[in-house]
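A.B. asks: The lines below spell out each chain.
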Amino acid sequence: MAKRIDVKDVDIYYGKFQAVRGVNLTIEPRSVTAFIGPSGCGKSTVLRTLNRMHEVVPGARVSGDVLLDGEDIYGSSVDPVNVRRTIGMVFQRPNPFPTMSIYDNVVAGLKLQGTRMRKHELDDAVERSLVSANLWHEVRSRLKKPGSGLSGGQQQRLCIARAIAVQPQVLLMDEPCSALDPISTLAIEDLIQQLKATYTIVIVTHNMQQAARVSDRTAFFNLAGVSQPGELVEMDDTEKIFSNPSDKRTEDYISGRFG
Amino acid sequence: MRDIYHDELDDIGNRVLMMINLVAVAMQRATEALLDANLALADQVIADDDRVDALRAELEDRTFQVIAQQAPVATDLRVLIATNQVSSDLERMGDLAHHVAKTARLRYPDVAVPPEIRDVIRQMGEVAASLVTKVADVVEGRDVALAQAIEEEDDSMDALLRKLFTVVLSPNWARGTEAAIDTTLLGRYYERYADHAVAVARRTVFIVTGRRA
Amino acid sequence: MRDAPMTTYAPTLAKSLSTGRGVRLRKAKSGLAAVLVTGSFAVALVPLVWLLWTVISKGLHAVTRDGWFTASQRNKTYTDPGGGALHAIIGTAEQVALCSAISVPIALLVAIYLVEYGRGALARVTTFMVDILTGIPSIVAALFIYAVFIGTLGQSKAGWLVSLALVLLMIPVIVRTAEEMLRLVPNELREASYALGVPKWRTVLRVVLPTALAGIVTGVILGIARVAGETAPLLVLGTYTPNRNSDLFHGPQGTLPSFINDQTVNASSHGTYQLGADGKPHLVHNFAVDRLWGAALTLIVIVMLLNLIGRLVGRFQKISD
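Residue numbers (numbering that gives the first Met the number 0), protein chains in the order written: chain A, 0 to 258; chain B, 0 to 212; chain C, 0 to 320.
Treat the hints with care, since some could be wrong.
Okay, the calculated beta carbon distance ranges per label pair [to be verified]: (1) C:LEU44 with A:LYS15: 50 to 60 Å; (2) A:HIS136 with B:GLN147: 51 to 61 Å; (3) B:ASP10 with C:ARG182: 54 to 64 Å.
Chain A regions said to be covered by chain B (calculated; three or more residues, Cβ under 8 Å) [claimed, not checked]: (4) 206-214; (5) 239-248; (6) 251-257.
Hints in this document: simulated from the structure, not taken from any laboratory. Glycine included, C-beta positions come from ideal geometry on N, C-alpha and C.
Only chain A is shown next, with the shape it has when bound in the complex:
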């Protein structure tokens, strides 16, 4: 359970345009890693590369290796669909399926992947996932109601439950709290601290205080220059990044001198 990710010399292109260059980093199992950086620096792009979601955009391609416990997820015989079953993702705006109930939303991944499960197995999966997402007690009496009837914070936890129902190894989160109020944000941050015991988590965030609160390791991305691709500037223990970073650009960004 909970795998390690190694990124080696990764360049990311959209058609001819190079979005990101030369990324080398390692994500340890059962840890929380935060990607920070100014808008447009490529942190979301790099995140999506980790589960091959960037391929949804036509013309997107990656050179270099991304290894999951040593296995290249871009190997010629690897199906992106399989990669995404192992590496799940939660998005910025909560996106529960509108035509499905809460129950159906949580098991959507399991059902749509085609795995045959009996009713009691599905019930167990629903309870397990909602408990892990800290949502069970709030919705247990209305599992058949539509998912869209919940508040923003609850919807996001529902999406998290949906993502972990398929039992991935890694959980990627693309600014999961950006669309939420401060209390819901803190609830999700607490949840992340609990989830890290089971999953490897990578979170992209605009909010530096959130990165400081939530992550064990932080990676700072920045544009190499005007009209240049994004690159990884510095990656280190979060404590060090926020108390004494090595690179001046990191220091300037986190002190709010640009960005």
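Dock chains B and C against chain A, hints included.
C.D. replies: Then chains B and C, alone, in the frame of chain A:
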């Protein structure tokens, strides 16, 4: 960006320098009052210590406010934490100058310092002045190399204190118990003054390197 | 609670807020615009109301007679009163049903292709073709089917050929609406599905389509409404009969539009006359005219019912934001 924040940090830095200046002047005047039995000067030092205390309170409040409101990180955070600690050291230095002045006042119109140790005390005063000037440079310029040089100067103050003890403890000491106590205490004041100055320099090293010196 | 300072400011503010020449002018303009807009709406509404009134008032008589919905025109001459529209209703229903059964799957697949898969030349060509089909006059579609099936393949006129022509007319309507509805499905939902490790085809089938379903159903119903009243294919490819015929593939079949046409064409020469006191014949009643308006009303009612059903389906499954 964040002009209000950076202006506040700059201003806090200036207040620290002002405080250093105040305690430098205080000790220099206290020494002079001590050696020359100058009552007026001694009274001035005693009165001016209130300003040092006020500055400390102000710096404490302002650093607290900035931390609460601006969520500083990295260097900015080290500066603010260090400023808090440094203001405490500087306030002690001011109090020590105050004590020296009080000793001078207490023995007025006599000179509180017997001729045997006058020279030692004068040298201690010079070392103190030199130290505090260097500390001002270290703080203003965030000069780590100079900070290390200060440690050595502190050693010379310790040497002077030992010399003082030798005189007071020698069998030739004929000034009596009161004078011995005065002398010992005075020596202590100067030595503590120097130690606190070194502490301030060390905090500056922390600001720059992020490591405790 | 009023403070002293407030009372010295208040009069000046109040004055500039509620009085002044600028305000009066703005109110006048606003009023004029309201009058123009309401007036235009009323003018636009006039033909619609007039049409409905005409059809209802003229057709109600025939529709409320006994047997309108249960009998055909079998063994009735144009001057006979009574008879019903059952043969026409059956004909229209069957032809439209066959047309939908063919059009809807094809159109849906085209829409799905254009939205979810289409990139590059083939997609552009397809969109272009659909655009052209949208503008084809019904007579041209009818002539095309005639040329292929009756001309080249030697088939004879029958209901199913009419359906084929209607297919050409229905497909572009459904493609366009379905395409729009599919595009309205937020991309985030597709992404959420992909991120769960669901393959694309399953995502389209189980996530995108259900979300767009309400809109697509409305599009289908709009398509049906469009073709139900098309007359040119009926004239070119079908033959009218006053008797009931449930067989789409053999023999003539009556439909509502051709029923209307039949009664209209023959109405003028089949009035019921009586000799009057002046020795000249006076028109007593023209039952054919009754029936043609009755058929028109029936057609309109069917289309309106379909629209209502479409809206109800829409209410049950909404795309939430």
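A.B. asks: Return holds or violated for the Cβ distance of LEU44 of chain C and LYS15 of chain A against the range 50 to 60 Å.
C.D. replies: holds (56 Å)
A.B. asks: The segment 206-214 of chain A covered by chain B? Criterion: 3 or more residues, Cβ-Cβ distance below 8 Å.
C.D. replies: holds (count 3)
A.B. asks: Holds or violated: the 54 to 64 Å window for the beta-carbon distance between ASP10 of chain B and ARG182 of chain C?
C.D. replies: With a Cβ separation near 57 Å, ASP10 of chain B and ARG182 of chain C satisfy 54 to 64 Å, so the hint holds.
A.B. asks: Has the hinted range 51 to 61 Å been met by the Cβ atoms of HIS136 of chain A and GLN147 of chain B?
C.D. replies: holds (60 Å)
A.B. asks: Is the listed coverage of the segment 239-248 of chain A by chain B valid when you require three or more residues with a beta carbon under 8 Å from a beta carbon of that chain?
C.D. replies: holds (count 4)
A.B. asks: Go check the segment 251-257 of chain A versus chain B for me, would you? Three or more residues, Cβ under 8 Å, otherwise it fails.
C.D. replies: As far as the segment 251-257 of chain A goes, the hint holds, because 5 residues have Cβ atoms under 8 Å from chain B.
When each numbered hint is compared with the structure, no violation occurs for any of them.
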